[in-house]
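J.: Spelled out, the chains give:
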Amino acid sequence: MYNQPILIMVSFFSAMITFFVNERLKQGPVRSSAALSLLVGLYFHYFAGSMDTYLVKNIPIVFFGGSFIGMVSSRLLSNYLLIGAAGIIFCLIFLHTSKFFNGYGGALGIAASISVLAVLSIPIVGKHRRVTNGIMQLREILFKISNRK
Amino acid sequence: MNWNKTVRKAFIIFLLIIQVIFLFEIFKENLHSWWTVAAIFILCPLILLTYLTDGLHHEEHEYEHILVALWIPIGALASFYLNRFLSLGPVISGGIVGSIASFIPVLNKRSHYMKQLPAAIYCGAFIGMSSIGVAPNIVFILTASFFTAIMLILSKNLFAGVGGKLGTLAFAGVVITSFLYFLISSYV
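Protein chains in written order, with this note's numbering: chain E, 1 to 149; chain U, 150 to 337.
Don't take every hint at face value.
No more than 30 Å apart at the CA atoms, straight line, and that leaves these computed lysine-lysine pairs for DSS-like [as the list claims (entries may be wrong)]:
| hint | chain 1 | residue 1 | chain 2 | residue 2 |
| --- | --- | --- | --- | --- |
| 1 | U | Lys-177 | E | Lys-57 |
| 2 | U | Lys-154 | U | Lys-305 |
| 3 | E | Lys-26 | U | Lys-264 |
| 4 | U | Lys-264 | U | Lys-154 |
| 5 | E | Lys-57 | E | Lys-99 |
| 6 | U | Lys-264 | U | Lys-158 |
| 7 | E | Lys-99 | U | Lys-177 |
| 8 | E | Lys-26 | U | Lys-305 |
| 9 | U | Lys-158 | U | Lys-305 |
| 10 | U | Lys-258 | U | Lys-305 |
| 11 | U | Lys-177 | U | Lys-158 |
| 12 | E | Lys-26 | U | Lys-258 |
| 13 | U | Lys-305 | U | Lys-264 |
What the hints contain is simulated information worked out from the structure, not anything from laboratory work.
Just chain E, same shape as in the assembly (with noise of 0.2 Å):
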């Protein structure tokens, strides 16, 4: 009952935890992400207990799809809540994944990829602190590519 709460926990904290070490401790995107899912993928493997084996299972691939998102540049996203944001929007489309696509290698990367670029649509508050209105930027937006016909 809890399992799917739990799940959408660890990927919003797994996101945050990445691009913290990403960013803050300048350990680089692909050491923060694999190290971190290596140290979590190891916990769980040898030390799981008597813990949930959905759980047990699960947590580490969450994890490892929700640190992908945190690999993201600060370039493009630098608000930590966001991250977590897109980190849930990941675990859902995660829990939702059809079963066409099981075993795909990379599905974990695509579906991160889409909750970045959802994410990065939403400019709550930018860089600069700069409260920006969306509807006033997708006015503009549309109003540049018409003006590019």
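Since chain E is already given, all that's left is putting chain U on it; use the hints.
T.: What follows is chain U alone, placed relative to chain E:
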């Protein structure tokens, strides 16, 4: 016609199509849940909006060097070996390959070439994480690595810094290869 611009546009549209197929499969299987359908209807315009904004891609189009892309099959084979033959599972094998790859630039801090290797190897590691039902043998992994390598070469300045880009490329490579396998098995 400007060749670079065409490649750029074709690649962006290709990735959009792959993502739409991925979302469409979720949509098709969850038609009974109005909640999922509503979520996908909200997600799609948001993604499209991001695709239409500038700033996602660098202005100048560049190609990745072929010697960098050559490391994709190495990463793929390493993670495939750890996953399949040592039975470590996808997360641990991907994590080991990525962690080791991330220390390659330490060997020679001045080398620009070595700085680019971790991303390529990590991208390959995702291919090796495929399950046995999808990737039955090493030939499949090598073919998928070949397609992913081509996409990595074409997409150097596209989606720069978007989390999940490497995974998306690996996914596209695996999808193309399994589609090829499907075509071959149905006609031969």
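J.: Please go over all the hints and tell whether each is borne out by the structure.
T.: Results for each hint:
1. U:Lys-177 <-> E:Lys-57: Status holds; Cα separation ~26 Å.
2. U:Lys-154 <-> U:Lys-305: holds, 14 Å
3. E:Lys-26 <-> U:Lys-264: holds, 14 Å
4. U:Lys-264 <-> U:Lys-154: holds, 27 Å
5. E:Lys-57 <-> E:Lys-99: Satisfied, since the Cα-Cα distance of roughly 17 Å is no more than 30 Å.
6. U:Lys-264 <-> U:Lys-158: Holds: U:Lys-264 and U:Lys-158 sit about 27 Å apart, inside 30 Å.
7. E:Lys-99 <-> U:Lys-177: Holds, at about 11 Å.
8. E:Lys-26 <-> U:Lys-305: Given pair E:Lys-26, U:Lys-305 holds - Cα atoms ~22 Å apart, limit 30 Å.
9. U:Lys-158 <-> U:Lys-305: Holds: U:Lys-158 and U:Lys-305 sit about 14 Å apart, inside 30 Å.
10. U:Lys-258 <-> U:Lys-305: holds, 21 Å
11. U:Lys-177 <-> U:Lys-158: Roughly 28 Å between the alpha carbons, so the hint for U:Lys-177 and U:Lys-158 holds.
12. E:Lys-26 <-> U:Lys-258: Holds, because 15 Å separates the two Cα atoms, which is no more than 30 Å.
13. U:Lys-305 <-> U:Lys-264: holds, 14 Å
Of the numbered hints given earlier, the model fails none.
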